[in-house]
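Residue numbers (numbering that gives the first Met the number 0), protein chains in the order written: chain Y, 0 to 455; chain G, 0 to 455.
Just so you know, the hints here were simulated from the structure itself, not pulled from any lab data. Since this is a predicted model, take the numbers as computed values, not measurements. Each hint should be verified, as a subset may be incorrect.
Heads up, the list lumps identical chains together, so a pair's fine if it works in one copy or across two of them.
Taking lysine-lysine pairs in the DSBU-like style, the calculated list, with each CA pair at most 35 Å apart, reads [said to hold, decoys possible]:
(1) K195 / K146
(2) K286 / K420
(3) K158 / K52
(4) K417 / K58
(5) K146 / K21
(6) K418 / K43
(7) K52 / K192
(8) K49 / K417
(9) K113 / K43
(10) K58 / K43
(11) K208 / K49
(12) K43 / K283
(13) K89 / K192
(14) K89 / K208
(15) K224 / K89
(16) K49 / K204
(17) K286 / K43
(18) K224 / K49
(19) K224 / K129
(20) K420 / K208
(21) K49 / K420
(22) K204 / K129
(23) K204 / K21
(24) K420 / K283
(25) K58 / K197
Protein chains: 2
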Amino acid sequence: MLNLENITDRIRETFDNEDDDKALREILDSYHCADLAEILQELKPEERVKAFKAIDEDKAAEILEFLPPQIQVELLTDIGEENAARLIVKMPHDEVADVFAEMEDDETEAYLEKLPDNFSTEIRELLAYKEDSAGGIMTPHVLTVNKDMRVEDVLLFIKSKAEQDEFELYYIYVTDNQKHLLGVLSLRTLLTKPYKAKVEEIMTKDIVKLHVDDPQDAVADIFMKYQYSALPVVDLYNRLKGMITWDDAQDIVEEETTDEILQTSGISTELVDEDEIVFGSTVKAVKARFPWLFITLIGQLIASNVVNKFENTLNAVPVIAIFMPLLAGLGGNIGTQSITIIIRGLSTGQLNMSSAIHQIFRELRVGVIIGTLFGVLVTLYTWQWKNNIDFGIVVGVSMAINMSVATLLGAITPFLLKKFKIDPAIASGPVIATIIDVFGIAIYFTLVTFYLMKIM
Amino acid sequence: MLNLENITDRIRETFDNEDDDKALREILDSYHCADLAEILQELKPEERVKAFKAIDEDKAAEILEFLPPQIQVELLTDIGEENAARLIVKMPHDEVADVFAEMEDDETEAYLEKLPDNFSTEIRELLAYKEDSAGGIMTPHVLTVNKDMRVEDVLLFIKSKAEQDEFELYYIYVTDNQKHLLGVLSLRTLLTKPYKAKVEEIMTKDIVKLHVDDPQDAVADIFMKYQYSALPVVDLYNRLKGMITWDDAQDIVEEETTDEILQTSGISTELVDEDEIVFGSTVKAVKARFPWLFITLIGQLIASNVVNKFENTLNAVPVIAIFMPLLAGLGGNIGTQSITIIIRGLSTGQLNMSSAIHQIFRELRVGVIIGTLFGVLVTLYTWQWKNNIDFGIVVGVSMAINMSVATLLGAITPFLLKKFKIDPAIASGPVIATIIDVFGIAIYFTLVTFYLMKIM
Numbered sequence: 000m001l002n003l004e005n006i007t008d009r010i011r012e013t014f015d016n017e018d019d020d021k022a023l024r025e026i027l028d029s030y031h032c033a034d035l036a037e038i039l040q041e042l043k044p045e046e047r048v049k050a051f052k053a054i055d056e057d058k059a060a061e062i063l064e065f066l067p068p069q070i071q072v073e074l075l076t077d078i079g080e081e082n083a084a085r086l087i088v089k090m091p092h093d094e095v096a097d098v099f100a101e102m103e104d105d106e107t108e109a110y111l112e113k114l115p116d117n118f119s120t121e122i123r124e125l126l127a128y129k130e131d132s133a134g135g136i137m138t139p140h141v142l143t144v145n146k147d148m149r150v151e152d153v154l155l156f157i158k159s160k161a162e163q164d165e166f167e168l169y170y171i172y173v174t175d176n177q178k179h180l181l182g183v184l185s186l187r188t189l190l191t192k193p194y195k196a197k198v199e200e201i202m203t204k205d206i207v208k209l210h211v212d213d214p215q216d217a218v219a220d221i222f223m224k225y226q227y228s229a230l231p232v233v234d235l236y237n238r239l240k241g242m243i244t245w246d247d248a249q250d251i252v253e254e255e256t257t258d259e260i261l262q263t264s265g266i267s268t269e270l271v272d273e274d275e276i277v278f279g280s281t282v283k284a285v286k287a288r289f290p291w292l293f294i295t296l297i298g299q300l301i302a303s304n305v306v307n308k309f310e311n312t313l314n315a316v317p318v319i320a321i322f323m324p325l326l327a328g329l330g331g332n333i334g335t336q337s338i339t340i341i342i343r344g345l346s347t348g349q350l351n352m353s354s355a356i357h358q359i360f361r362e363l364r365v366g367v368i369i370g371t372l373f374g375v376l377v378t379l380y381t382w383q384w385k386n387n388i389d390f391g392i393v394v395g396v397s398m399a400i401n402m403s404v405a406t407l408l409g410a411i412t413p414f415l416l417k418k419f420k421i422d423p424a425i426a427s428g429p430v431i432a433t434i435i436d437v438f439g440i441a442i443y444f445t446l447v448t449f450y451l452m453k454i455m
Numbered sequence: 000m001l002n003l004e005n006i007t008d009r010i011r012e013t014f015d016n017e018d019d020d021k022a023l024r025e026i027l028d029s030y031h032c033a034d035l036a037e038i039l040q041e042l043k044p045e046e047r048v049k050a051f052k053a054i055d056e057d058k059a060a061e062i063l064e065f066l067p068p069q070i071q072v073e074l075l076t077d078i079g080e081e082n083a084a085r086l087i088v089k090m091p092h093d094e095v096a097d098v099f100a101e102m103e104d105d106e107t108e109a110y111l112e113k114l115p116d117n118f119s120t121e122i123r124e125l126l127a128y129k130e131d132s133a134g135g136i137m138t139p140h141v142l143t144v145n146k147d148m149r150v151e152d153v154l155l156f157i158k159s160k161a162e163q164d165e166f167e168l169y170y171i172y173v174t175d176n177q178k179h180l181l182g183v184l185s186l187r188t189l190l191t192k193p194y195k196a197k198v199e200e201i202m203t204k205d206i207v208k209l210h211v212d213d214p215q216d217a218v219a220d221i222f223m224k225y226q227y228s229a230l231p232v233v234d235l236y237n238r239l240k241g242m243i244t245w246d247d248a249q250d251i252v253e254e255e256t257t258d259e260i261l262q263t264s265g266i267s268t269e270l271v272d273e274d275e276i277v278f279g280s281t282v283k284a285v286k287a288r289f290p291w292l293f294i295t296l297i298g299q300l301i302a303s304n305v306v307n308k309f310e311n312t313l314n315a316v317p318v319i320a321i322f323m324p325l326l327a328g329l330g331g332n333i334g335t336q337s338i339t340i341i342i343r344g345l346s347t348g349q350l351n352m353s354s355a356i357h358q359i360f361r362e363l364r365v366g367v368i369i370g371t372l373f374g375v376l377v378t379l380y381t382w383q384w385k386n387n388i389d390f391g392i393v394v395g396v397s398m399a400i401n402m403s404v405a406t407l408l409g410a411i412t413p414f415l416l417k418k419f420k421i422d423p424a425i426a427s428g429p430v431i432a433t434i435i436d437v438f439g440i441a442i443y444f445t446l447v448t449f450y451l452m453k454i455m
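Hey, can you work out the whole structure from these sequences and the hints?
Printed below as a string of structure tokens:
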């Protein structure tokens with residue numbers, strides 16, 4: 000692990016020593032680009048630019064790839080347009096498109112005019128795709144060969160291309176003259192087959208491919224499922240448009256997981272981008288969190304009305320109020336655990352619809368066991384505390400029922416949503432917890448009214 | 000997307016038609032191994048074995064890699080030891096070690112004796128490493144070359160190796176005669192440098208590498224950070240022991256994320272493996288969920304005691320109990336949202352300690368804004384409902400304070416844990432929610448006691 004504090008201190012020291020450039024360069028030289036990205040993020044904005052300017056251009060371009068978009072844009076803006084343009088042409092096309100997508104339209108336009116024509120044309124094409132579609136994620140620089148070439152020709156072709164062009168090497172795609180995708184050659188095949196073998200004879204024709212308009216969650220799913228290190232992206236007519244590599248897919252998987260986690264705790268990722276939920280303005284954060292909280296508010300007002308129906312009971316035995324938070328709290332917690340387990344299982348593929356019944360009963364069993372255990376504990380505690388065994392039993396029984404119902408509801412809801420093709424992650428904890436609250440309170444007050452009031 | 004229901008129906012039909020093997024094979028032939036793994040999971044165990052037996056051996060071995068461990072073991076056991084042994088030698092070593100790790104020790108031993116000697120020796124070596132360390136995850140089959148070879152020698156060497164050995168081709172590692180790791184050659188370098196170039200001159204000497212004892216969460220972090228498609232694993236003396244590839248790293252990242260998600264909802268992944276939390280026996284599930292729930296129970300009993308302190312207030316104005324779930328519920332929810340955002344931000348690297356103060360204030364602002372908004376709404380609602388504006392104000396002000404404190408606590412806790420080198424994910428929602436409950440109730444009852452009682 001990096002000792003970030005130590006490193007940033009050493010960098011700051013070089014600034015204090017009348018900008019000791021040599022010492023600064025020495026420090027920066029001794030780290031990997033991914034490390035430098037972490038170090039730069041730890042510095043204050045003005046220190047960050049200063050340090051970034053001291054890094055040589057090739058390395059600086061590579062570091063940018065490891066930084067989050069808002070810091071990429073900040074650095075490029077601060078080093079001046081001329082310097083920025085020089086760095087940008089050294090970055091992979093898909094990264095550049097991501098940076099531009101983060102900028103204002105007129106800024107992007109200004110940069111595009113500064114860049115070489117063929118480069119800016121390709122970037123413009125990428126920007127035309129939706130940012131969160133396969134087209135918006137892919138890199139257009141793919142090595143393509145002709146099916147009539149031989150292995151030795153392909154090897155020579157790669158050597159010749161390497162001198163004039165930046166490209167990532169994962170698979171080699173075989174296309175016809177109109178760029179229709181015909182087959183795939185893995186580097187392993189290329190390196191292990193005889194030099195004289197024809198591409199057509201050794202290529203794979205059963206190709207897993209993506210479509211330019213595929214949404215990013217589908218892209219993530221396909222990568223996770225088939226486990227290829229890169230996949231080709233084609234248009235409607237099967238013409239090869241680009242390629243998505245595993246590291247980009249990895250970023251999407253992370254984004255999609257964040258989405259799922261935020262949604263499960265009732266934060267809407269439909270209205271606000273998940274980056275902005277963490278970083279963005281307070282207004283955006285409020286906008287993302289208000290909707291489900293508001294629904295929870297309505298649910299809790301319904302809970303208040305349920306309690307209100309038992310006004311007479313409450314007036315007769317006010318002490319029962321003491322145990323309301325206990326019941327609501329534990330029911331909500333165990334229910335949320337069930338929701339969390341089922342949603343995560345469904346999203347990793349560990350659970351599927353065929354195991355729904357089995358899994359729901361399993362959760363119910365867990366609820367009954369823990370509920371009964373806690374029910375007994377609470378009965379004993381209340382009996383001791385309030386010196387009233389009947390009261391203890393009412394609280395304990397309510398607890399057991401409430402926790403069991405909570406696991407049942409928590410397990411059923413995600414499966415039900417999935418059955419109706421709704422994303423189970425929106426079975427957000429808060430709302431189910433509120434429903435469990437209402438149930439729990441109703442059970443408790445009913446028991447108090449019909450049992451306790453009779454004997455007290 | 001696969002229409003799983005449709006495909007499983009068609010497979011079942013072939014079973015009904017006096018085991019129509021030809022039709023079955025035709026269906027199975029038309030899908031990718033990853034698809035077949037999904038299809039097999041959808042079938043009942045006895046159907047699954049029947050279908051699995053109809054698949055030819057090479058493909059069956061590949062399908063196994065896409066299946067979860069418990070189904071791998073089930074299938075291998077059901078097809079008989081002889082057949083299983085033939086499949087196992089076709090699988091990558093790291094996968095085989097994972098399968099054996101899932102079996103009972105004597106079962107593993109029985110299989111190991113059936114396998115070819117050199118194969119079982121290598122597997123035994125892998126099994127000696129801890130399952131969740133780099134050594135337990137890596138594959139030992141790595142292509143190594145000598146630094147004095149030339150590019151053309153390496154190319155010939157790969158061709159000759161391909162005929163006698165299974166290996167994955169990502170990077171080529173350069174070692175000396177004692178297997179010390181000296182450098183790395185990417186396939187890109189190999190394919191683009193002149194045939195006569197010496198390995199020593201073109202290899203990378205600054206190598207990002209893993210140590211056999213690195214725990215799996217460190218492996219996941221290093222992969223996510225440096226974004227290499229494969230990393231070498233060395234022992235204490237820098238001797239190359241194996242390699243971990245991005246698809247294995249991907250699986251670990253998924254496991255670690257599941258861990259984080261479960262922990263955040265108060266499910267202990269220390270005591271029980273996350274697989275078993277989803278699939279395992281009810282006892283295991285109870286064991287994983289009991290501890291934090293028990294701590295929550297104690298917390299909530301403290302909450303009950305706080306309410307009890309205000310017994311006189313409660314007896315004088317029992318109606319105040321009506322709004323207890325409302326306050327506890329919304330405080331808990333908005334607090335959990337804050338925890339979730341901060342924990343996820345810290346784990347993806349979007350947030351770091353240097354932004355702690357900024358982020359805590361941002362959460363507090365969100366809490367104050369939504370709290371004030373909801374406070375006003377609740378004041379108006381209560382005023383209307385109970386025809387008492389003072390009561391309305393007390394409920395509304397409690398709501399605003401409670402939601403603000405909730406965001407503050409939710410934001411501070413993960414940073415604080417991280418500061419003291421504790422995994423922030425254990426800032427489990429349930430416990431913080433309980434603390435927020437206690438706070439909220441204390442504020443509410445204090446306000447009621449000192450303000451409402453005076454004027455009513």
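Hints versus structure:
In this homomeric assembly, K195 and K146 come within 35 Å of each other (Cα to Cα) both inside a single copy, at 13 Å, and across copies, at 28 Å. Taking the shortest alpha-carbon separations for K286 and K420, both the intra-copy value of 26 Å and the inter-copy value of 33 Å come in at or below 35 Å. For the homomeric pair K158 and K52, the shortest alpha-carbon distance inside one copy (33 Å) is at most 35 Å, but the shortest distance between copies (45 Å) is not. For a Cα distance limit of 35 Å, the shortest separation of K417 from K58 across copies, 31 Å, qualifies, whereas the shortest one inside one copy, 46 Å, does not.
Taking identical chains as interchangeable, the C-alpha atoms of K146 and K21 lie at most 35 Å apart only when they sit on different chains, with a minimum of 33 Å there against 53 Å within one chain. Taking identical chains as interchangeable, the C-alpha atoms of K418 and K43 lie at most 35 Å apart only when they sit on different chains, with a minimum of 20 Å there against 49 Å within one chain. Taking the closest pair of Cα atoms, K52 and K192 come within 35 Å of each other only across two copies (31 Å); inside a single copy the shortest separation is 47 Å, beyond that limit. When the C-alpha separation of K49 and K417 is checked against a cutoff of 35 Å, the pair qualifies only between copies, where the shortest distance is 29 Å, while the shortest distance within a copy is 51 Å.
Taking the shortest Cα distances, K113 and K43 sit within 35 Å of each other inside one copy (29 Å), while across copies they are farther apart (62 Å). Proximity of K58 to K43 under the C-alpha cut-off of 35 Å is restricted to the intra-copy arrangement: shortest distance 20 Å within a copy versus 54 Å between copies. Taking CA atoms no more than 35 Å apart as the test, K208 paired with K49 passes between copies only; the shortest distance there is 30 Å, against 44 Å inside one copy. In the homo-oligomer, the alpha carbons of K43 and K283 lie at most 35 Å apart inside one protomer (24 Å), although the nearest pairing across protomers, at 47 Å, exceeds that limit.
In this assembly of identical chains, K89 and K192 lie within 35 Å of each other by CA distance both inside one copy and across copies; the values are 34 Å within and 20 Å between. In this assembly of identical chains, the alpha carbons of K89 and K208 lie at most 35 Å apart whether taken from the same copy (28 Å) or from different copies (27 Å). For the homomeric pair K224 and K89, the shortest alpha-carbon distances inside one copy (32 Å) and between copies (21 Å) are both at most 35 Å. In this homomeric assembly, K49 and K204 come within 35 Å of each other (Cα to Cα) only across copies, at 29 Å, whereas the closest approach inside a single copy is 51 Å.
Proximity of K286 and K43 under a CA criterion of 35 Å is satisfied intra-copy only: 29 Å inside one chain copy versus 46 Å between copies. In this assembly of identical chains, K224 and K49 lie within 35 Å of each other by CA distance solely across copies; the values are 24 Å between and 44 Å within a copy. Within a single copy, K224 and K129 get their C-alpha atoms as close as 23 Å, and across copies as close as 27 Å, so both meet the 35 Å cut-off. For a Cα distance limit of 35 Å, the shortest separation of K420 from K208 inside one copy, 24 Å, qualifies, whereas the shortest one across copies, 43 Å, does not.
Proximity of K49 and K420 under a CA criterion of 35 Å is satisfied inter-copy only: 31 Å between copies versus 51 Å inside one chain copy. Taking the closest pair of Cα atoms, K204 and K129 come within 35 Å of each other only inside a single copy of the chain (29 Å); across copies the shortest separation is 40 Å, beyond that limit. Taking the shortest alpha-carbon separations for K204 and K21, only the inter-copy value of 24 Å comes in at or below 35 Å, while the best intra-copy value is 55 Å. In this assembly of identical chains, K420 and K283 lie within 35 Å of each other by CA distance both inside one copy and across copies; the values are 28 Å within and 31 Å between.
In this assembly of identical chains, K58 and K197 lie within 35 Å of each other by CA distance solely across copies; the values are 25 Å between and 39 Å within a copy.
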